[in-house]
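S.K.: Protein chains in written order, with the working numbering: chain A, 1 to 329; chain B, 1 to 380.
Just so you know, not all the hints are guaranteed correct.
[Unchecked claim] Derived CB-CB ranges, DEER-like:
(1) B:E365 with A:E92: 35 to 45 Å
(2) B:D54 with A:F291: 36 to 46 Å
(3) A:L313 with B:A358: 42 to 52 Å
(4) A:E63 with B:R57: 38 to 48 Å
(5) B:A101 with A:V244: 51 to 61 Å
(6) A:E217 with B:S209: 28 to 38 Å
[As the list claims (entries may be wrong)] Reference excerpt, derived from the structure (chain B facing chain A, CB under 7 Å, subset only):
(7) G26
(8) G27
(9) A226
(10) R320
(11) H325
[As the list claims (entries may be wrong)] Under the rule of at most 25 Å between Cα atoms (straight-line distance), these lysine to aspartate or glutamate pairs were calculated in the DMTMM-like manner:
(12) A:K265 with B:D292
(13) A:K138 with A:E214
(14) B:K92 with A:D210
(15) A:K66 with A:D279
(16) B:K7 with B:E314
(17) A:K265 with A:D278
(18) A:K265 with B:E333
(19) B:K92 with B:D79
(20) A:K265 with B:E106
(21) B:K7 with B:E306
(22) A:K138 with A:D181
(23) A:K265 with B:D142
(24) B:K92 with B:D54
(25) A:K265 with B:D54
(26) A:K265 with A:E287
(27) A:K66 with A:D89
(28) B:K92 with B:D162
(29) A:K66 with A:D322
(30) B:K7 with B:E340
(31) B:K92 with A:E217
(32) A:K138 with A:D89
(33) B:K92 with B:D316
(34) A:K265 with B:E236
(35) A:K265 with B:E314
(36) A:K265 with B:D294
(37) A:K265 with B:D316
(38) A:K66 with A:E3
(39) B:K92 with A:E214
(40) A:K66 with A:E84
If you are wondering where the hints come from, they were derived from the structure by calculation, not from laboratory data.
Bear in mind that the values here come from a model prediction, so they are computed numbers and not experimental data.
From the three backbone atoms N, C-alpha and C, an ideal C-beta is built for every residue, glycine too.
Each chain, written out:
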Amino acid sequence: MSEALWPGVSLHVVSGKGGTGKTTVAAALAMSLARDGRRTLLMEVEGRQGIAQLFDVPPLPYEERKVAVAPGGGEVWALAVDPEDALLDYLEIFYNLRRAGSALRRMGAVDFATTIAPGLRDVLLTGKACEVVRRSDKDASDAYDAVVLDAPPTGRITRFLNVNNEVSGLAKVGPIRNHADLVMGVIASPRTAVHLVTLLEEMPVQETVDGVAELREAGLPVGGVIVNMNRTPVLTDSEMALAVAHELPLAEITDVVSSTGLATKAPMIAEALIREGDDHALRVELERREFARLEDLDVPILRLPFLSGGIDLASLYELSTDLTDQGVR
Amino acid sequence: MDAPHLKVDELLDDPGVSILVCTGAGGVGKTTTAAALALRAAERGRHVCVLTIDPARRLAQAMGLTELDNNPREVPGIDGSGSLHAMMLDMKRTFDEVVEAHADPERASQILDNPFYQALSSSFAGTQEYMAMEKLGQLHADTEAPWDLIIVDTPPSRSALDFLDAPARLGSFLDGRFIRILTAPARGAGRGLGRLAVAGFGIFTGVLSKILGAQVLADVGTFVAAIDTTFGGFRERADATFSLLQQPSTAFLVVATPESDALREASYFVERLQQEDMPLGGLIVNRVQEVDQDLMTADTAAATAEQLAATRGEDDLTARLLDLHAARLRTRERQHHLTERFSGAHPGVATAQVPALAEDVHDLEGLREVGELLALGRSV
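The shape of chain A in the complex, shown without the other chains:
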């Protein structure tokens, strides 16, 4: 087992381009961090109920719920944060205005307020994550060992997290500004790590490279890059070279196939296998080029396998074990 990554981090923010599997990775991460008797909270903020679908539970309310047990004992809890509820929370915690808040909601005013102020919505969502993180400072009974935030995609992540900046254009002073400062105190600190999920394809890798640069420029802590859906190369390097040149040994493969129960279609099968081998080699080459670009970023890179059967609870455990083996604990 490798050395533990990200010691001292209690807020893990997971982003990634659409289609890279960031919700799955966030869930696997929450599970790894919950191993051996710990307790983690997996949060989503985009109203998609992706966590509920993943863990095959009914849609999550705005309430922390236990969704899974981690290997070695340990619990994964989940919370779907809704900006309206987060605003009501905020009003209650800071102004003791819960009742007024409920009245406002009935009037549709809460929706209006989160609409009127660009940034207010994001401050409320990130603010909720920070509130949960800060519980551990007070040794609260509802504290978690780690919080994993399934965040908006890479293209929007810096703006989403950099709430200070977003709010400052609008509110130079005032309570929301103070709240934003409080949130930044957690997000821009060593207690937070922002991870980007990618595939070894050109566009997601480009977004990851751009995303890391943006996060660094904004002074936000970059955690790691998680390369999802890795396919294990089936060819050796010398076979790869043959495949790229379309020179895999047709005669030999035809002979071998002929020695099996598939003998009647051996020539067709051999051709199909070689075609797929060539295609595989091209893809592996492309993946290696893209991987090299990620290495240049100088952040820890973790890999997760492609699971041809799709994602269910059992495969989440599998992915979580892979992360643990690579130092997530």
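Assemble chain B onto chain A, guided by the hints.
M.R.: Frame of chain A; chain B shown alone:
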């Protein structure tokens, strides 16, 4: 149940179709699909304008989009008698232009300098969708323009439905009751609303001042007053484009990948189009695993691989290639199952399947290939 085959070329050639909208979840290849369709339509003789939202750098370069000037540029290198214009949406600039077109210079600069306007025009959730609609309306209304077909790529929203909903949301927000009452108490706020509502608004503005600070509310007030007297009808503008999308001259193409999330999003969108009486052209499924399915089953491939590994050794090349074949067959089976489920729930939605490409598209040649695959519409 097999879905009917989406005949892409018939759609592109149909002179009755003047707007094609590509929509779907993030990361499914909408932009590339829109660009490939546009190129194909142009090379089949149409005069096309493609509005892209956020193309990857190399795709933008492939279309000659090196500068962002918010105007369509002719793409060189098109074969045949058609033409292709391409543009990348600049949301802030589009908004600024709307303001400049409708206000006298003094009033316009007052609006453009307002801090609330600046936040609204560059970061408001929904502004991108609103401006995409606005630009589409402009491109369509331009009767001098050389194009007869506009292909639109939609913004990478949280939900594909945002493209339809955000403009109306922003429009009703700017035209809405709350903002008027909130910002113009002198106009007799709450008149006719009853005492309770007025009291409610009192709490409301009080809370908003608490949260946002009074300065923000003042900025909003100035902005709304300025924009209201120069041109009203944000909502009307959004509505006009919305109804354009209900015309039979529009076709929506819902883009997905054979994954459950992307297909779920496609489902929502298809259902919504039906509710809104918006014309659905069909479903495009990108990144389908290509594999020859007629040679053997996945189980046979895996079993034969195992047998070869036992007799010829673990590192036997044929055994490994058979394992690869088995994995591809399984992936294809799962994808097939997911797309079947979609067609079962939405019978009659014409579908085209496009195989996964080994590499991203960098030039017109690459776009042509994607266009071919789209027109073929079936992966083998």
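S.K.: Is 51 to 61 Å respected by the C-beta to C-beta distance linking A101 of chain B and V244 of chain A?
M.R.: At roughly 55 Å between Cβ atoms, V244 of chain A and A101 of chain B fall inside 51 to 61 Å, so the hint holds.
S.K.: Does the structure keep K92 of chain B and E214 of chain A at a Cα separation of 25 Å or less?
M.R.: Satisfied, since the Cα-Cα distance of roughly 20 Å is no more than 25 Å.
S.K.: K265 of chain A and E287 of chain A: Cα distance at most 25 Å?
M.R.: 32 Å, violated
S.K.: Within 25 Å, alpha carbon to alpha carbon, are K138 of chain A and E214 of chain A?
M.R.: 33 Å, violated
S.K.: Please test the hint of 36 to 46 Å on the beta carbon pair from D54 of chain B and F291 of chain A.
M.R.: 25 Å, violated
S.K.: For a C-alpha distance cap of 25 Å, please report whether K66 of chain A and D89 of chain A respect it.
M.R.: 21 Å, holds
S.K.: Under the criterion that the straight-line Cα-Cα distance not exceed 25 Å, is the pair K92 of chain B, D316 of chain B satisfied?
M.R.: Roughly 59 Å separates the two Cα atoms, so the pair is violated.
S.K.: Regarding the pair K265 of chain A and D278 of chain A, is the alpha-carbon distance no greater than 25 Å?
M.R.: Satisfied, since the Cα-Cα distance of roughly 20 Å is no more than 25 Å.
S.K.: Does the Cβ-Cβ separation between E63 of chain A and R57 of chain B fall within 38 to 48 Å?
M.R.: 43 Å, holds
S.K.: Using the Cβ atoms, figure out if E217 of chain A sits within 28 to 38 Å of S209 of chain B.
M.R.: 34 Å, holds
S.K.: K92 of chain B and E217 of chain A were given as a pair; does the straight-line alpha-carbon distance stay at or below 25 Å?
M.R.: 23 Å, holds
S.K.: Just to be careful, I want the Cα atoms of K265 of chain A and D316 of chain B compared with a cutoff of 25 Å; is the pair within it?
M.R.: 20 Å, holds
Violated hints for the displayed structure, listed by number in ascending order: 1, 2, 3, 9, 13, 15, 16, 19, 20, 21, 23, 25, 26, 33, 34 and 38.
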